[in-house]
Amino acid sequence: MLTPYVPGPLAATHERLVNWGRWARDRRRRGRARSAEGRYLRERLTAEEDDGPRRTAAAVVDAADASRVDAALAPAGGFDPRASALLKAHYVFRAPPFVIARRARVQVQRLTPEFDRALAAAHHALGAAGL
Numbered sequence: 853m854l855t856p857y858v859p860g861p862l863a864a865t866h867e868r869l870v871n872w873g874r875w876a877r878d879r880r881r882r883g884r885a886r887s888a889e890g891r892y893l894r895e896r897l898t899a900e901e902d903d904g905p906r907r908t909a910a911a912v913v914d915a916a917d918a919s920r921v922d923a924a925l926a927p928a929g930g931f932d933p934r935a936s937a938l939l940k941a942h943y944v945f946r947a948p949p950f951v952i953a954r955r956a957r958v959q960v961q962r963l964t965p966e967f968d969r970a971l972a973a974a975h976h977a978l979g980a981a982g983l
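The sequence shown begins at 853 in our numbering and counts up by one.
Take these hints with a grain of salt, some might be off.
FRET-style restraints, in silico, Cβ to Cβ [what the hints assert, rightly or not]:
{"no.": "1", "residue 1": "PRO927", "residue 2": "GLU867", "range": "14 to 24 Å"}
{"no.": "2", "residue 1": "ALA911", "residue 2": "PRO949", "range": "21 to 31 Å"}
{"no.": "3", "residue 1": "ARG879", "residue 2": "GLN959", "range": "28 to 38 Å"}
FYI, nobody ran anything at the bench for these hints, they're computed from the structure. Glycine included, C-beta positions come from ideal geometry on N, C-alpha and C.
Kindly generate the complete structure, drawing on both the sequences and the hints.
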């Protein structure tokens with residue numbers, strides 16, 4: 853994780869970006885696979901028949917806010933493409949720092965300042981867009 857501590861003014865932006873990352877990962881998973889196996893649906897069990905372990909509840913995603921964040925951070929909308937790629941690699945793809953550094957052509961030691969700049973740019977882009 854690149855951000856063990858996020859300063860006060862950027863904490864709300866960080867939470868919105870975490871929500872955006874969950875939304876971006878989850879919206880691909882909602883549908884079924886595009887193969888024959890994807891058409892299979894197991895039959896639903898009644899409460900008496902279901903003895904299996906329960907999954908933990910998924911975190912609630914604010915889709916409307918996430919789509920606004922997605923639009924504000926789009927390079928086509930004027931946001932810095934490099935900052936967009938850094939934020940997407942961290943929040944959406946959850947890539948390890950060395951992968952993010954290699955793709956951004958930044959030394960690993962300089963990745964934290966670059967990420968902080970991208971986070972500040974996202975904060976200003978969301979503020980400028982009135983979001």
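So which hints don't hold here, by number, going up?
Of the numbered hints, all hold.
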